[in-house]
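K.L.:
Residue numbers (the working numbering), protein chains in the order written: chain A, 1 to 161; chain B, 1 to 161; chain C, 1 to 161; chain D, 1 to 161.
Worth flagging that the hints you see were computed from the coordinates, not collected in a lab. There could be a bad hint or two in this list.
One copy or two, either will do: identical chains are not told apart, so a pair holds if it fits within one copy or between any two.
Claimed, not checked - Okay, derived cross-link-like pairs now, EDC-like style, lysine to aspartate or glutamate, Cα gap no bigger than 16 Å in a straight line: (1) K155 <-> E40; (2) K70 <-> D83; (3) K4 <-> D75; (4) K155 <-> E86; (5) K76 <-> E9; (6) K37 <-> E23; (7) K76 <-> E2; (8) K76 <-> D31; (9) K116 <-> D31; (10) K70 <-> E39; (11) K116 <-> D85; (12) K30 <-> D85; (13) K70 <-> D46; (14) K4 <-> E123; (15) K116 <-> D75; (16) K71 <-> E9; (17) K30 <-> E69; (18) K155 <-> D127; (19) K51 <-> D83.
4 protein chains.
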Amino acid sequence: MEIKDHCIELLLSRGVNVNDIAELVFLLQKDYVQNIKIEECLESVDRVLSKREVQLAIMTGIELDILCEKKQLNDKLIEGIIDRDEGMYGVDEVLAYGICNLYGSIALTNFGYIDKLKFGIVEKLNDDPNHCNTFIDDIVGAIAASAASRFAHRKAGDILK
Amino acid sequence: MEIKDHCIELLLSRGVNVNDIAELVFLLQKDYVQNIKIEECLESVDRVLSKREVQLAIMTGIELDILCEKKQLNDKLIEGIIDRDEGMYGVDEVLAYGICNLYGSIALTNFGYIDKLKFGIVEKLNDDPNHCNTFIDDIVGAIAASAASRFAHRKAGDILK
Amino acid sequence: MEIKDHCIELLLSRGVNVNDIAELVFLLQKDYVQNIKIEECLESVDRVLSKREVQLAIMTGIELDILCEKKQLNDKLIEGIIDRDEGMYGVDEVLAYGICNLYGSIALTNFGYIDKLKFGIVEKLNDDPNHCNTFIDDIVGAIAASAASRFAHRKAGDILK
Amino acid sequence: MEIKDHCIELLLSRGVNVNDIAELVFLLQKDYVQNIKIEECLESVDRVLSKREVQLAIMTGIELDILCEKKQLNDKLIEGIIDRDEGMYGVDEVLAYGICNLYGSIALTNFGYIDKLKFGIVEKLNDDPNHCNTFIDDIVGAIAASAASRFAHRKAGDILK
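Put together the whole structure using the sequences plus the hints.
P.N.:
See below:
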């Protein structure tokens with residue numbers, strides 16, 4: 001199996017499907033792009049998921065969430081910090097920036113916005129009391145922010161060139 | 001004169017005083033810190049302004065704004081792009097991230113939030129038709145976001161240690 | 001004229017041609033890729049130069065170099081700091097990271113390596129007593145580091161997929 | 001126990017003591033600072049280790065190394081990639097940049113240099129066939145690069161102010 005498909009399955013197994021992410025992209029772009037279509041957002045998400053660095057961040061982050069949830073970390077101090085998603089824990093955001101950085105400054109700004117206001121699937125992940133979603137909510141936000149940035153650049157390309 | 005004082009004067013000459021920035025910090029932190037005082041926010045802004053890398057970013061960004069405003073750039077293509085603050089121009093945000101990065105992941109998230117919603121002085125700078133504020137609005141947002149992150153880390157230090 | 005062509009001319013006017021950059025890519029990759037060809041390196045440089053965020057960083061950085069050289073900055077304090085490329089001045093590196101970040105972590109590591117050891121054209125720019133090359137040497141290093149990272153990812157793609 | 005002491009013990013349990021890191025700082029700074037003393041380097045390392053974001057990155061990275069070594073990851077695909085430290089795996093560097101970014105652009109450049117040339121303890125970690133050191137070698141490099149940057153800024157402060 002392709003690593004990309006593996007990542008899409010991993011996301012699904014944690015309650016996230018690509019449409020949820022495409023809806024975040026739609027939300028981020030609808031004020032800037034006339035007649036934006038959800039299919040275009042979906043295509044942009046798919047392209048972000050095709051990048052190797054994105055895939056490796058997804059796999060690493062979700063693995064940490066699962067390990068914490070199963071109480072399988074060796075160091076119980078960091079396990080507790082990740083599990084409670086303590087305010088000062090920023091490694092999840094650092095991983096998310098590793099994704100956003102690949103798509104430039106618009107992606108980073110979009111990520112900060114999503115992360116603060118917690119729209120759609122990000123809110124759902126954040127409010128879920130039964131899972132440790134410390135990493136996945138930031139990763140999903142980063143994928144959406146990146147797909148929105150990619151989309152904006154493509155659209156602008158027509159004008160600025 | 002100290003470089004810090006030079007930067008505070010530069011900011012003032014472009015319509016920004018440190019209280020405006022402290023108010024952004026207050027706004028960012030009031031939901032997280034009980035009985036937060038504006039004096040504490042002001043002190044945190046002052047500490048951010050004491051860092052050499054922050055000062056050099058302020059001086060470089062404001063200089064570019066002034067040069068554009070005075071039509072003094074040699075390359076008229078980039079002058080126009082900066083002057084109109086075109087959507088795809090991200091060097092201003094890159095400079096802002098250079099500041100935020102010094103204060104960790106909370107600073108970056110805060111910056112994205114301010115940059116999207118444009119509160120207080122950032123909105124005022126952004127709406128000013130008489131000046132080129134392409135760099136300064138992001139720099140001011142970055143200083144506020146950094147001061148808020150610094151503040152949050154100090155407060156949390158008491159608890160997490 | 002295309003913005004990309006404008007950037008290539010700007011680089012040329014400051015003594016840098018794309019072959020110089022391709023040679024840096026070759027140097028960075030020759031130990032990792034068997035039978036690497038300079039044409040492949042050149043193609044990778046060309047693709048990096050096609051990105052809008054890269055073009056805008058090139059134009060902004062070179063403009064600052066030229067303005068300093070001509071003593072056209074309004075603020076003589078920052079003019080002196082940039083002109084002498086003072087050790088603590090890091091805005092040039094911040095701009096360079098804005099380029100490298102688009103190509104992932106390998107690009108950043110490569111940049112640090114080039115920046116310290118100053119190979120080829122980077123050394124030439126750095127040693128030139130007649131020009132202010134504070135920004136362009138980092139920008140050229142960043143383009144080379146990014147092109148090398150892009151190249152490495154392409155090659156690895158065949159294996160890891 | 002203080003989180004800092006916990007991190008120092010964690011590093012020790014993986015074969016790294018603070019003196020090893022101080023020696024890297026010495027190496028990075030000796031050409032720039034006259035009469036540099038190892039005690040000063042050690043003090044700078046200690047200050048870097050006092051930052052909460054640094055501590056959390058150390059704990060997260062070392063935990064991933066240990067989990068991989070013990071074959072305790074749930075996802076065997078990512079376990080293999082981390083264990084072999086595959087060339088395209090960059091999450092370890094992303095974590096390292098999360099540390100370096102706190103200390104500005106000099107830290108990032110220093111990190112790239114150490115990461116390529118693999119001095120001292122970084123080489124030892126890298127060559128160790130009995131442990132998974134994918135994260136710790138980058139973390140150690142990042143701490144040293146950051147301590148060197150902090151040191152350089154302090155020294156320059158006397159001059160530039």
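K.L.:
For every hint, state whether the structure bears it out.
P.N.:
Hint-by-hint comparison with the structure:
1. K155 <-> E40: Answer is within: at 11 Å inside a copy they meet the 16 Å cutoff, but 29 Å across does not.
2. K70 <-> D83: within (10 Å within a copy, 21 Å between copies)
3. K4 <-> D75: Between copies only: 14 Å across chains, 31 Å inside a chain, cut-off 16 Å.
4. K155 <-> E86: between (38 Å within a copy, 13 Å between copies)
5. K76 <-> E9: Answer is between: at 15 Å across copies they meet the 16 Å cutoff, but 29 Å inside does not.
6. K37 <-> E23: Only inside one copy: K37 and E23 sit 10 Å apart there, 39 Å across copies, limit 16 Å.
7. K76 <-> E2: between (34 Å within a copy, 14 Å between copies)
8. K76 <-> D31: Neither: 45 Å inside a copy, 30 Å across copies.
9. K116 <-> D31: between (19 Å within a copy, 12 Å between copies)
10. K70 <-> E39: neither (36 Å within a copy, 43 Å between copies)
11. K116 <-> D85: For K116 and D85, only the intra-copy Cα distance (15 Å) is at most 16 Å; the inter-copy one is 25 Å.
12. K30 <-> D85: neither (31 Å within a copy, 20 Å between copies)
13. K70 <-> D46: So K70 and D46 fail the 16 Å test inside a copy (30 Å) and across (34 Å) alike.
14. K4 <-> E123: neither (24 Å within a copy, 33 Å between copies)
15. K116 <-> D75: Answer is neither: 29 Å inside a copy and 30 Å across each miss the 16 Å cutoff.
16. K71 <-> E9: neither (22 Å within a copy, 22 Å between copies)
17. K30 <-> E69: Intra 36 Å, inter 31 Å, cutoff 16 Å: neither.
18. K155 <-> D127: neither (34 Å within a copy, 25 Å between copies)
19. K51 <-> D83: Classified as neither; 28 Å inside a copy, 21 Å across copies.
The structure fails to meet hints 8, 10, 12, 13, 14, 15, 16, 17, 18, 19 from the earlier list, while all remaining hints are met.
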